[in-house]
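Participant: The chain contents come next:
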Amino acid sequence: MMSGTMSEIHDPNAPQSTSDLANTGRMDVSAVLDEGRGVVVPESVGEVVFNLDDVHVFYGDFEAVRDVTMQIGRNEITAFIGPSGCGKSTLLRSFNRMNDLIPGARVEGLLAYHGFDIYAPDVDPIEVRRRIGMVFQKPNVFPKSIYENVAYGPKVNGMKVNMDDLVEECLTRAALWDEVKDDLKKSAYALSGGQQQRLVIARCIAVKPEVILMDEPCASLDPIATAKIEDLMKELAADYTIVIVTHNMQQAARVSDRTAFFTADVDAQGVRHGRLVEYGPTRSIFTAPNDPRTEDYISGRFG
Amino acid sequence: MSATLTRPFDQPDAPADLDLRGHGQPLVDKTFRWILFLCLFVGIAFLAVLLAYVVIKGWPRLDSRLWTNMPSIRRPEQAGAESAITGTLWVIAFTALFSLPIGFLSAVYLEEYAKPTSRFARFVEINIQNLAAVPSIVYGILGLAIFARALALGQTVITAGLTLALLVLPVVIVATREALRAVPQNIRHGSLALGATLWQTTWRQTMPAAIPGMATGTILALSRAIGEAAPLLLLGAVTFISFNPTGPFSAYTTLPIQIYNWTKESREEFQVLAAATIVLLLVILLAMNAVAILIRNRTQKRW
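Protein chains in written order, with the working numbering: chain A, 1 to 303; chain B, 1001 to 1303.
If you're looking for bench data, these hints aren't it; they were derived computationally from the structure.
Don't take each hint at face value.
What the hints assert, rightly or not - Straight-line distance between alpha carbons at most 35 Å, and here's what the computed DSBU-like set of lysine-lysine pairs gives:
id: 1; chain 1: A; residue 1: Lys155; chain 2: B; residue 2: Lys1115
id: 2; chain 1: B; residue 1: Lys1115; chain 2: A; residue 2: Lys208
id: 3; chain 1: B; residue 1: Lys1115; chain 2: A; residue 2: Lys144
id: 4; chain 1: A; residue 1: Lys186; chain 2: A; residue 2: Lys144
id: 5; chain 1: A; residue 1: Lys155; chain 2: A; residue 2: Lys208
id: 6; chain 1: A; residue 1: Lys234; chain 2: A; residue 2: Lys160
id: 7; chain 1: A; residue 1: Lys160; chain 2: A; residue 2: Lys186
id: 8; chain 1: A; residue 1: Lys144; chain 2: A; residue 2: Lys160
id: 9; chain 1: A; residue 1: Lys228; chain 2: A; residue 2: Lys186
Stated by the list, open to error - Far from chain B, some chain A residues (derived; all Cβ distances over 12 Å):
id: 10; residue: Val41
id: 11; residue: Asp124
id: 12; residue: Arg131
id: 13; residue: Pro143
From the three backbone atoms N, C-alpha and C, an ideal C-beta is built for every residue, glycine too.
Hey, can you work out the whole structure from these sequences and the hints?
Facilitator: Encoded structure:
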C-alpha cells in the first residue's frame, strides 16, 4: 500500500537529484524552453479545474504536505517539481483520492474539482477516479491482452460503446495503434516499457476522463521512449488537463505550461514536510524565479 | 604453494608484496559443505528406501487387479482397492466442494477487504494459524461429534468431506492469501484508478492474476487430505466396504484406510496388497505435487 510514497523517497530508478541537476544548468533549461509548448500562458489560471486552498495531507500523525494553495487550469500541463520526499506525488495522489488506499492517509483543507469539494462525505471516490485518471511511474499494464487492457475501463464503467472502435481510437491517440494493431490479442507484457506506458495512457483515456494525473511517467523509460511520451502529452493537452510529477527539470521545461516547485521543510524534530514554494508559468519559474530556493534548485545549487 | 601463483606479465612497477592467495579456511568450508549435504541426504535417502521397499514388496500385485477388483477377506489373490479409489475420489470431491469456496473467499476478505490495521482481521489471522497446527485426529473427533452425531449425517462420504474440508481450510486460506499477496499492488491501483470498484478489481484483476498460485496451494492442500487416515478412522471408516459409493450419503472407504485395514491382516498376501496400494497412493500424491510444481513454474515471473 505504501509503494507510492515510499518509491518517491527510495526509488533507485529515479534520477538522483544531484546528478540530474549537474547537467541541468540555467542556460540549458532556457534552451529547451523554446522547444516547449510555445504558447506563453498568462500569469493567472484561466478556467480552473482544481482549486486548492490550504491543503494538508497526513499519513497518520505525519504531515507529508502542508499548506498548499494553488489553482490548476483546464487543458494546461502543470508540472510538479522538487527534490525527493517533498510530497509532490502525495499531493498528486490526493487529486483523485488514490491516497484513500493508504491506511491512515487523510486530507485537510479544501481540494475542489470544478468547485466541488472532492473530500465531501457524499463523494464516491470511484466517481472521482473515473473523471480524473492516473498514469503511474512503473507501467502497470494488466496481465491481459493489449485489447483487454484498453477495454477494461469502459467495461467496468458500463460504457455503452462500440468497443473495437474505442480501442482503436484510444490506441491511436496514444500513438501506439500502428505498432500493435496486428497484435491486439497478444499479452501486454510482450510490449516494451515505453509501449506499455503508452498503453497505460490509452487505457486511461478510454474511460473519457477530463484530467490525467501522471506520477513520474518517464522515470523507468529510456530517452527515446521518454520523448514519445512527452510528445503525446503535448498532443493530449488539447483535450485533457494534465498534471505531471517529474524529477526531470528539463522535462518540466519542455512540456509544461505551469510549474509548481515544492520543497521539504525540516522541522525541529527532524521530520520533513512538503511545501509549495513557488507556482507560476513555466517560463517565469525557469527564467525569473521569485524565491531563492527555486533559483537554487533549478540552477543546480540545491543540497 | 608458490607454484599456484604465476605471473605471466613481468611488470617491474607493480607492488612486490601482492598476494592474491586469500586467507580463507578451505577445510572448514569443505567440512561444512559436507555436513549440509549429509543433512539433505537423510531426507532423500529415507524417501528412496521407502519407495524401493514398497515397490519391491508390492510388485507382484501392481497390476490391473488393484484398481478393478473389490477388497476381499477370503480371497486375497483376487482382492483389489477399487472401492477405496472411488471412495477417495468421492471424499476429496466433497472436501474440495466445501473447503475451496470458503477458503478462497476468507482469504479475499483478509487480503483485499480487511484493513491491515483491523484488530478483528489480526485476531482471525492468528487463529487460522492456530487451526493449521491442530492435530488431524482432533478434527476427527470434531467431525464425529458434530457432523456424524449432532447433524446425524452418519458415517458417510459427506461427513468425511466436511471433516477433511475443515482440516485443509487453514492451508487453503494461507495459500490463497500468499497468492493474492504476490499480485503486485500496482495492478490493483491501476484498476481502481480507472474508476473500478473494489469488487470489480478483485474479481477481474486480482483473482485471475492469483489463480496459478491459488491452484498450486489448493492441489497441495487436497493432496494432504487424500493422504489423511487419522480423522477418518475416528469417523468409522474402518468397516469393510466392497462396493463403490453411490452418493454423498453412502458408506465409503479410502486408500489410506484400506492400507491400514490390510496391514492389520496377518496373511502375507495382504501385506503385499497393502504395499501395492501404498505405491498407488504415492503415485497419485506425487502426480498431484508434480502438477502443482508445473503450474508454479509455468507462471513464474509474470511481472
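Participant: Hint by hint, note whether the structure agrees.
Facilitator: Going down the list of hints, with the structure as the test:
For the suggested pair Lys155/A and Lys1115/B, the alpha carbons sit about 27 Å apart, so the restraint of at most 35 Å is met. The hinted pair formed by Lys1115/B and Lys208/A meets the criterion: a straight-line CA distance of about 31 Å does not exceed 35 Å. Between Lys1115/B and Lys144/A the CA atoms are separated by roughly 28 Å; this keeps the pair inside 35 Å, and the hint holds. With a CA separation close to 8 Å, the supplied pair Lys186/A and Lys144/A stays within the 35 Å bound.
For a cut-off of 35 Å, the pair hint linking Lys155/A to Lys208/A stands: about 12 Å separates their Cα positions. Restraint check for Lys234/A and Lys160/A: satisfied, since their Cα atoms lie roughly 29 Å apart, inside the 35 Å limit. Between Lys160/A and Lys186/A the alpha-carbon distance is near 25 Å, which keeps this suggested pair within the 35 Å criterion. The hinted pair formed by Lys144/A and Lys160/A meets the criterion: a straight-line CA distance of about 21 Å does not exceed 35 Å.
As the CA atoms of Lys228/A and Lys186/A are separated by approximately 22 Å, the hinted pair is consistent with the 35 Å bound. The beta carbon of Val41/A sits about 27 Å from the closest Cβ of chain B, which is more than 12 Å, so the claim that it is off the interface holds. Against chain B, the non-interface label of Asp124/A is violated: not every CB pair exceeds 12 Å, the least being about 9 Å. The claim that Arg131/A is not at the interface with chain B is violated, since a C-beta of that chain comes within 12 Å of its own (minimum 8 Å).
Here Pro143/A does not stay apart from chain B, with its beta-carbon only about 5 Å from theirs, under the 12 Å limit.
The structure fails hints 11, 12 and 13 (numbered hints given earlier, in ascending order).
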